[in-house]
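**Student:** As you go down the protein sequences, you meet chains A and B in turn.
Just so we're aligned, residue 1 is where the first sequence starts under our numbering, counting upward by one.
Just so we're aligned, residue 1 is where the second sequence starts under our numbering, counting upward by one.
Quick caveat, the hints were computed from the structure, so don't treat them as lab data.
Treat the hints with caution; some may be incorrect.
No more than 30 angstroms apart at the CA atoms, straight line, and that leaves these computed lysine-lysine pairs for DSS-like [what the hints assert, rightly or not]:
| no. | chain 1 | residue 1 | chain 2 | residue 2 |
| --- | --- | --- | --- | --- |
| 1 | A | Lys112 | A | Lys17 |
| 2 | B | Lys45 | A | Lys71 |
| 3 | B | Lys133 | A | Lys17 |
Coverage of chain A stretches by chain B, computed from C-beta distances (three or more under 8 angstroms per stretch; other residues unrestricted) [what the hints assert, rightly or not]:
| no. | region |
| --- | --- |
| 4 | 24 to 34 |
| 5 | 37 to 51 |
Cβ coordinates follow ideal geometry from the N, Cα and C atoms, glycine included.
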Amino acid sequence: MQYPPAMLDPVAGQLEKYMDLLSARQRLVASNIANADTPGYHALDIDFQGEFQNAVSGPPGIVEVSGLAVKNDGNNVSLDRESRLLAENALRFQVASALLHSEIQNVQSAIKEGSS
Amino acid sequence: MSLFSVLSIGASGMAAQRQRAEVLVENMANAETTRTPEGGPYRRKDVVFESSRVASPFSSVFDAQVDAVGGVAVSDVVVDPSDPERRYMPGHPDADANGYVAFPHSNPAEDMVDLMGASRGYEANVAAIGAVKDMIQRSIDLLR
Chain A
1 MQYPPAMLDP
11 VAGQLEKYMD
21 LLSARQRLVA
31 SNIANADTPG
41 YHALDIDFQG
51 EFQNAVSGPP
61 GIVEVSGLAV
71 KNDGNNVSLD
81 RESRLLAENA
91 LRFQVASALL
101 HSEIQNVQSA
111 IKEGSS
Chain B
1 MSLFSVLSIG
11 ASGMAAQRQR
21 AEVLVENMAN
31 AETTRTPEGG
41 PYRRKDVVFE
51 SSRVASPFSS
61 VFDAQVDAVG
71 GVAVSDVVVD
81 PSDPERRYMP
91 GHPDADANGY
101 VAFPHSNPAE
111 DMVDLMGASR
121 GYEANVAAIG
131 AVKDMIQRSI
141 DLLR
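Bound conformation, chain A alone (with noise of 0.2 angstroms):
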């Protein structure tokens, strides 16, 4: 991370790129479950850990989801797996949020205990 965020932990700019990666995913899950009946569509993903891992800056690369169940029409979404997707990026995203906030609280209270 390139950028420590001056009064946070370093930790809390691994969060806030943790969280920036759950939100890309999220809306390629809610695109994935808008295009369950769309003939010929792919579902999409972003290969998480990696892109965690390089922490790299920018956008996240978009792969095509492999070895699921192609449907007669092309479709090859499965509204099993994007509700568990859906169901965990939300839990992840729970827990960075509420690991930043006690960082953030951290501080306010720093602030608040020297003032008076």
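Starting from the known structure of chain A, arrange chain B on it as the hints suggest.
**Tutor:** Showing chain B alone in chain A's frame:
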């Protein structure tokens, strides 16, 4: 990365599935209709889904970031070209000279199954919007 544009994607899915349900219900309601403004019996219709870009107020900025994804839209409503079903009903006002009446070529079982699919698809999109709404709320709560 915008979570708000994800709401538009979910909404596009809901709109498309709702339109599909409308067409299916129209098919079932008109299963026995022998008169239409175009003449002849009702012909069953079907929607065609196509993946599309969703219109978001800030789309131009975010399109540059994530280019390949979008919502869904009904690109076309196609009319079933198959021949009408002919039933022998000599007393019917729409009967031809031989006593046959042209009825829509409908399959209520198929329409019902499709309708269930549309309903499930709609629910899945609602769930997606709910999950994303929660994520947005949590981001806002960081400021509290």
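**Student:** Evaluate each hint against the coordinates.
**Tutor:** Each hint, compared with the structure:
no., hint, result
1, Lys112(A) x Lys17(A), "holds (28 angstroms)"
2, Lys45(B) x Lys71(A), "holds (22 angstroms)"
3, Lys133(B) x Lys17(A), "holds (19 angstroms)"
4, 24 to 34, "holds (count 9)"
5, 37 to 51, "holds (count 5)"
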